[in-house]
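**Student:** Top line first, the protein sequences correspond to chains A and B. Quick note: the first sequence uses the numbering used here, first residue 1, plus one each step. Quick note: the second sequence uses the numbering used here, first residue 1, plus one each step.
What the hints contain is simulated information worked out from the structure, not anything from laboratory work. Bear in mind that the values here come from a model prediction, so they are computed numbers and not experimental data. Careful: at least some of the hints might be erroneous.
[Unchecked claim] Which residues of chain A face chain B? A partial, calculated answer using Cβ under 8 Å:
1. 147
2. 149
3. 150
4. 164
5. 507
6. 538
7. 589
8. 592
9. 593
10. 597
Glycine included, each C-beta is placed from N, C-alpha and C at the ideal position.
Each chain, letter by letter, is given below.
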Amino acid sequence: MDKHSAKAHRATHWLHLLEVSAFRHPKVILGFIAALTVFFALQIPAVKMYSDFADLLPQSHPYIELHNRIKGSFGGANVIIIGVEVEQGSIFTNEALEKIHKVTQAVDSLPGVNHNLVSSVTHRNSRKVWMTPEGNVNSESYYDPQGGEMSRAGLAALEKDVLADPRVYGPLVSPDKRMALVKAQLVEGKLDYVATFNQIQQMREALAADGFRIHATGQPMLVGWAYQYLDQIIEIFLFTALIMIALLVFYFRKTYGVLIPLGGVIVSTIWGIGIISLFGYNLDPLGLVIPFLISARAMSHGIQIVERYYLEINVLEQQPDTAGASDNHQTAARRTFESLFRPGSLGVVSDAIGLLLIAVGSIPLNTKLAHYASLWALSIILTVLLAVPLLLSVLPRPRNTEMKDNFFRSVGYFCADIISNDKRARGALLIAAALLVGGWYASSKVVIGESEPGSPILYQDHDYNVSSTAVNDSFPGSEELYIVAETAAKGGIKRPEVLAALADLQRHMLLDPEVGGAKGIPDLIVQVNRLLHNDDPRWMIIPEDDQYVGGLMFTYMMSNPIPGALNEFVDTDERMANLVFYYKDHQGETIRRAIYMAKQWIAEHGNDVDGLSIHLAGGTIGVTAAMNEAAYETNLWVLPLVFVLIFLFVTFFYSSLAAGTMMFMAMLFATTLTYAWMGVTGMGININTVPIIAVGVGVGIDYSIYMMDRIRSEMVIHRNLAAAVSNAIRTTGLAVSFTAITLIAGIVMWVILSDLRFQADAAVLLIVMVVLNGAAAMLLVPSWVLVFKPGFICAAYEDEDGVIHADSEPARPNPQAAT
Amino acid sequence: MKAKLFRCKSLAALPLLISLTGCEARLDLEGVEKTLAEAVRRTDQWQAIAANDQTLVVVGQAGILLTAERSTNPQWRRQQLPTAAPLVDVVSCGDGWLAILAADRTVWLSRDNGAEWQPHGVDTQESLLTITCAPDNSLWLGGSFSTLLNSTDGGQQWQQNAIGEDAQITAIQFLDSDIAYAVGEFGLVARSDDGGSNWRVVNYMPDEFYPQSLWFRTPDQGWVTGLTGTVLRTDDGGQSWVTEETPTSMPLYQVGGISTASTNDRYVLGDNSTLLLGRGQQDSGWRFSMVSPSPMFLADAIQIDNTLLVVGGGGAIYDLDLNTQAAASQVTNVVADVVAEGGL
Numbered sequence: 001m002d003k004h005s006a007k008a009h010r011a012t013h014w015l016h017l018l019e020v021s022a023f024r025h026p027k028v029i030l031g032f033i034a035a036l037t038v039f040f041a042l043q044i045p046a047v048k049m050y051s052d053f054a055d056l057l058p059q060s061h062p063y064i065e066l067h068n069r070i071k072g073s074f075g076g077a078n079v080i081i082i083g084v085e086v087e088q089g090s091i092f093t094n095e096a097l098e099k100i101h102k103v104t105q106a107v108d109s110l111p112g113v114n115h116n117l118v119s120s121v122t123h124r125n126s127r128k129v130w131m132t133p134e135g136n137v138n139s140e141s142y143y144d145p146q147g148g149e150m151s152r153a154g155l156a157a158l159e160k161d162v163l164a165d166p167r168v169y170g171p172l173v174s175p176d177k178r179m180a181l182v183k184a185q186l187v188e189g190k191l192d193y194v195a196t197f198n199q200i201q202q203m204r205e206a207l208a209a210d211g212f213r214i215h216a217t218g219q220p221m222l223v224g225w226a227y228q229y230l231d232q233i234i235e236i237f238l239f240t241a242l243i244m245i246a247l248l249v250f251y252f253r254k255t256y257g258v259l260i261p262l263g264g265v266i267v268s269t270i271w272g273i274g275i276i277s278l279f280g281y282n283l284d285p286l287g288l289v290i291p292f293l294i295s296a297r298a299m300s301h302g303i304q305i306v307e308r309y310y311l312e313i314n315v316l317e318q319q320p321d322t323a324g325a326s327d328n329h330q331t332a333a334r335r336t337f338e339s340l341f342r343p344g345s346l347g348v349v350s351d352a353i354g355l356l357l358i359a360v361g362s363i364p365l366n367t368k369l370a371h372y373a374s375l376w377a378l379s380i381i382l383t384v385l386l387a388v389p390l391l392l393s394v395l396p397r398p399r400n401t402e403m404k405d406n407f408f409r410s411v412g413y414f415c416a417d418i419i420s421n422d423k424r425a426r427g428a429l430l431i432a433a434a435l436l437v438g439g440w441y442a443s444s445k446v447v448i449g450e451s452e453p454g455s456p457i458l459y460q461d462h463d464y465n466v467s468s469t470a471v472n473d474s475f476p477g478s479e480e481l482y483i484v485a486e487t488a489a490k491g492g493i494k495r496p497e498v499l500a501a502l503a504d505l506q507r508h509m510l511l512d513p514e515v516g517g518a519k520g521i522p523d524l525i526v527q528v529n530r531l532l533h534n535d536d537p538r539w540m541i542i543p544e545d546d547q548y549v550g551g552l553m554f555t556y557m558m559s560n561p562i563p564g565a566l567n568e569f570v571d572t573d574e575r576m577a578n579l580v581f582y583y584k585d586h587q588g589e590t591i592r593r594a595i596y597m598a599k600q601w602i603a604e605h606g607n608d609v610d611g612l613s614i615h616l617a618g619g620t621i622g623v624t625a626a627m628n629e630a631a632y633e634t635n636l637w638v639l640p641l642v643f644v645l646i647f648l649f650v651t652f653f654y655s656s657l658a659a660g661t662m663m664f665m666a667m668l669f670a671t672t673l674t675y676a677w678m679g680v681t682g683m684g685i686n687i688n689t690v691p692i693i694a695v696g697v698g699v700g701i702d703y704s705i706y707m708m709d710r711i712r713s714e715m716v717i718h719r720n721l722a723a724a725v726s727n728a729i730r731t732t733g734l735a736v737s738f739t740a741i742t743l744i745a746g747i748v749m750w751v752i753l754s755d756l757r758f759q760a761d762a763a764v765l766l767i768v769m770v771v772l773n774g775a776a777a778m779l780l781v782p783s784w785v786l787v788f789k790p791g792f793i794c795a796a797y798e799d800e801d802g803v804i805h806a807d808s809e810p811a812r813p814n815p816q817a818a819t
Numbered sequence: 001m002k003a004k005l006f007r008c009k010s011l012a013a014l015p016l017l018i019s020l021t022g023c024e025a026r027l028d029l030e031g032v033e034k035t036l037a038e039a040v041r042r043t044d045q046w047q048a049i050a051a052n053d054q055t056l057v058v059v060g061q062a063g064i065l066l067t068a069e070r071s072t073n074p075q076w077r078r079q080q081l082p083t084a085a086p087l088v089d090v091v092s093c094g095d096g097w098l099a100i101l102a103a104d105r106t107v108w109l110s111r112d113n114g115a116e117w118q119p120h121g122v123d124t125q126e127s128l129l130t131i132t133c134a135p136d137n138s139l140w141l142g143g144s145f146s147t148l149l150n151s152t153d154g155g156q157q158w159q160q161n162a163i164g165e166d167a168q169i170t171a172i173q174f175l176d177s178d179i180a181y182a183v184g185e186f187g188l189v190a191r192s193d194d195g196g197s198n199w200r201v202v203n204y205m206p207d208e209f210y211p212q213s214l215w216f217r218t219p220d221q222g223w224v225t226g227l228t229g230t231v232l233r234t235d236d237g238g239q240s241w242v243t244e245e246t247p248t249s250m251p252l253y254q255v256g257g258i259s260t261a262s263t264n265d266r267y268v269l270g271d272n273s274t275l276l277l278g279r280g281q282q283d284s285g286w287r288f289s290m291v292s293p294s295p296m297f298l299a300d301a302i303q304i305d306n307t308l309l310v311v312g313g314g315g316a317i318y319d320l321d322l323n324t325q326a327a328a329s330q331v332t333n334v335v336a337d338v339v340a341e342g343g344l
């Protein structure tokens, strides 16, 4: 035995002594766990369940920092957009204009609305501005609500005027003249999502009429919809509980079998929610899939322990020297603990690694989730892996210990038949390699961000997304990207060279045909300049000095009937300016291109003008870009970290590089195919999916660890690799398939019942990962062992404590024995 | 040895993992590349068009211009002058020279049909708005404070010509080697009878009318256009003006003559894609020539054979078949129909 192996023996012997002493005082330890459970239970009432949408934003991302800086001046992402659509004809009828006006009034009276940033064709700030032959600038509202019914000629004149105004025709009236938009900025801090949502929905109901459609979209509506589904969580919880109990009854049909795993889940959940309370966090409905998964994980561990307990009792009863012994149930509980505590703990630690590493990203929702969920997962070691065997050792021996065969066992038999010899194992590895190559190619199609328009939080056919689609189809773009220009000195925006640079940036951005339009101070200056020069287009030029520019800005301000007319273009110091670009959607591809184009201009011309700096990016596109970039960067770090840490843990735990490598390859296979599935189905990498992948890797690798551990145990018994592998697949197949079903059952209700796509997508992705990891464990790990014959398995032996070892310099396995 | 090989294999999986996590679909820039390959873009704001015997030139904002072989169906080539200054006017001279006026008081000249352009600065502080070429190939510029400048040496030197008024000159037209008209702010009408050597104020248009453009068919009969759909006509060399009725209230930016077998002989261009055609010796009615495809301004036009090439904002370049428009005029080629949002 070398030095390293000697150390390993000492360590496992110490752990064995700890295990033995634990079973000497089971009631003390159980009492301690019960006391802690009571302590955590007392913390639960302080936990609140709500969504804080600021938690979805990566607050340290420069785009979000900019968003937070400018949302007070240029507006943020809290834009509400109501589309009034006529089914036939145009909006230039008395009936339609009256309806648009009523919607405008309703929006103007929303709680927290910025009255100066309400825009609609019928609003007082939508005005016809013209130059009289005498050289005066005149303006009047397009629509006069006090003016009574308009004549046909009046309507025609109104239509003509609106069509000549590019600030109204296009942004507020659709090019096909069938839809008008009412837009408003809601002030963050004064915004009441629920009241806003309710008022808008009541208005939609009140104004519903044949021939009209009223669409409502924008971030406040989205949040309002999300709040509508809080009650659904209870429904999902109840259905999930019913499924879990049904599974337990189907599998065990025994009191212990049903109550003990269920008790484990309840205790673990109390600990988990108590931990949330101690952190001072809220339980976010958008992140509930992971807690459900942890609970399902706790239950699957409980099931494995109880199942193994029954198995051990039956083994003891069949052995002549122990048959009929009164303490068989205690021995069985201890043996169960000895068999399952180590691989179970390793599995839980790998789950916790996946969960903890979610915190690497900058999304607060995920950081909070990482903190409490990793501790919650680790608590399973005490609440289930330790407590359940101890509880079984102190409970009376069950009367009926017979375990019946069921469907799940046949999964193992089927897989064992597939991987029955070296040749088939090589074939399986070759197929896996081919799948890996194909999967790698398909994964290159994965989109960062959303692959579909609308909100990823809701389904495509949801009222919100239907409204968004209708608005996006009718207008060049309801999704806004803000690019902010900042100058060093007060009034710097008025400098001609600054304005020329911004105009160039606008032209550059408009090279992308997906950009519906742009709005910014350079356009305003050249248009006012033109207007003041008798509307002559030759005067569409930026003046040569900043005082002249200031004069044009002043003229524009004075021609406007409401204060703060320039607020949407420049700040009050005229040091910052906001350039707005309109996009049809916020799909990942659209956003990447938008940011790419902006960065390209900044790289080429960003330093051309002294004192001018260009900052990305605000508006819905900027905020979503930040979330996507955060997701991408998190993905870049988290997944390799999960892989490396699990690799190191497995390598350390089994004192074998081969063990680590085998698990690494199993994770790589399942993860590559998961990415391929995302690429094929169009699921994007976003703040929802990145943590799920990390968690999925951590949870999924458990199966492979169980399989590897079981092959090793079987090798110690049989000393024949083929037999060890076959036995391991047959026995572990039951555990893997049933655990997978348990996990899927724990989260499947989110797919079936949840109206929030955010949660359903997370659940679907986890299910895919569970299935792929199950396949890797059942087919690839045995194949790998058969083909590569790793020493830590082939040279494994049991020491005096019953702990399996394989020395780091193993004796060469006997090929005869190995085959 | 085997153990070392095994370690190498395990390390080889790391790049695969990193490439997997770093993977994303290729950024689709096809639309951008297509736009870059196009000569005409929606952000273009064309101000003027001119042609010599061989070449057509269109000028617009930020030093951008188009050139093409003279044709009714031109294949445009996009050029960027080494300036970001807006180009406000272009003219061709009888000797084949092409001259562009930039807003930064630079005249760009080309003697090789637009292949190369030479800048010539103009020593003035006034804003220059119009450029024209006299029959003797001298260049003329009009601008603020009644600035009238001319150069007989290809833009090397510029001479000041006094009118003695404080008005923005908006248009100049040479009818022959002697007679020329210039119009401007406050209804100014100035005339030269000696090829530009001396200018005199003929009269002022009513209500200090601001003329955006000028076209004299004969030394006596001419038209000017301006705000609110106004077209004024003179039949006495600018002494008096009458208002012609038009079916639009849009500002009108250009007036010009056309010669075809049809009865139409002049056109007017304006905002919101307004294109009016008129005919006859006197006011016999202006009528819309096409349905507005999008709300953009039309700034200038030129007749090539039986086609009127019209340019304007939003990258608009229309070709209007003058043979068929009498019955039902139509836009046969809309280059771009989306205009960037903004402005008043």
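**Student:** Are the hints correct? Go through all of them and say.
**Tutor:** For each hint, the structure was consulted:
1. 147: This hint is violated: residue 147 of chain A lies away from chain B, its Cβ roughly 20 Å from the closest one there, beyond 8 Å.
2. 149: Residue 149 of chain A check fails; min Cβ-Cβ to chain B is 23 Å, beyond 8 Å.
3. 150: Given a least distance of 18 Å, the restraint on residue 150 of chain A is violated.
4. 164: Since the shortest Cβ distance to chain B is 5 Å, the answer is holds.
5. 507: holds, 5 Å
6. 538: holds, 5 Å
7. 589: With Cβ-Cβ at 6 Å, under 8 Å, it holds.
8. 592: holds, 6 Å
9. 593: At 6 Å from the nearest chain B Cβ, residue 593 of chain A passes the 8 Å test, so the hint holds.
10. 597: The hint holds - residue 597 of chain A has a Cβ within 8 Å of chain B, the shortest such distance being about 7 Å.
The structure shown violates the earlier hints numbered 1, 2, 3.
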